[in-house]
Amino acid sequence: MTPDYTITYVAGTLTVDTAPLTITAQDESKEFAAPLPSLTVRYSGLVNGDTPANLSAPPIVSTLASADSRPGDYRISVDGAVGSDYAIVFVPGTLQ
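Its first residue numbered 1, the sequence shown is counted upward by one per residue in my numbering.
One should not assume that every hint holds.
To be verified - Computed list of lysine to any residue pairs in SDA-like fashion (alpha-carbon distance at most 20 Å, straight line):
1) K30 <-> I88
2) K30 <-> S84
3) K30 <-> T94
Said to hold, decoys possible - Quick list of the computed label-pair ranges, beta carbon to beta carbon:
4) T40 <-> V16: 24 to 34 Å
5) I7 <-> V82: 38 to 48 Å
6) D17 <-> P52: 13 to 23 Å
7) I7 <-> T51: 26 to 36 Å
8) T15 <-> R75: 16 to 26 Å
9) P92 <-> D50: 20 to 30 Å
Just so you know, these hints were derived from the structure itself, not from any lab. We put the CB at the ideal spot given by N, CA and C, even for glycine.
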């Protein structure tokens with residue numbers, strides 16, 4: 001302690017934010033009358049050794065296309081994943 005100063009300590013705040021996580025539906029293709037391919041996702045942003053198994057709810061991947069769908073592009077939707085450590089963004093894919 002020095003006689004020229006009075007030192008006062010003030011506590012600070014540490015805020016830990018969620019990590020950004022992007023879950024992207026993989027683009028797929030199929031021929032007319034062929035069965036739908038498996039719909040899968042890609043993860044970008046998992047941290048601290050986390051894997052998709054660390055999410056409390058997995059993503060749901062779906063499309064309105066069926067084996068009988070006419071040729072064209074169909075959206076592959078992804079949503080539903082939950083992870084309290086992450087701010088999740090979902091990116092759709094395309095089935096051709």
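task: Note whether the CB distance of I7 and V82 lies within 38 to 48 Å or breaks it.
output: Taking Cβ atoms as reference, I7 and V82 lie about 46 Å apart, which means the hint holds.
message: 26 to 36 Å was suggested as the range; check whether the CB atoms of I7 and T51 agree with it.
response: 47 Å, violated
task: Decide if the proposed pair is consistent with the structure: K30 and T94, CA atoms, cutoff 20 Å inclusive.
output: Holds: K30 and T94 sit about 11 Å apart, inside 20 Å.
query: Falls inside 24 to 34 Å, the C-beta gap from T40 to V16?
result: 31 Å, holds
message: Quick check: does the Cβ-Cβ distance between T15 and R75 fall within 16 to 26 Å?
response: Cβ of T15 to Cβ of R75: about 37 Å, so the range 16 to 26 Å is violated.
- prompt: Is K30 within 20 Å of S84, Cα to Cα?
  reply: Measuring from Cα to Cα gives roughly 36 Å; hence the hint is violated.
task: Look at the Cβ atoms of D17 and P52 and judge whether their distance stays inside 13 to 23 Å.
output: Check passed, 21 Å falls within 13 to 23 Å.
field: Distance restraint between K30 and I88, which requires alpha-carbon spacing of 20 Å or less
entry: 29 Å, violated
query: Is it true that the C-beta distance of P92 to D50 lies inside 20 to 30 Å, as the hint says?
result: 23 Å, holds
In terms of the numbered hints stated before, the structure departs from hints 1, 2, 7 and 8, listed from lowest to highest.
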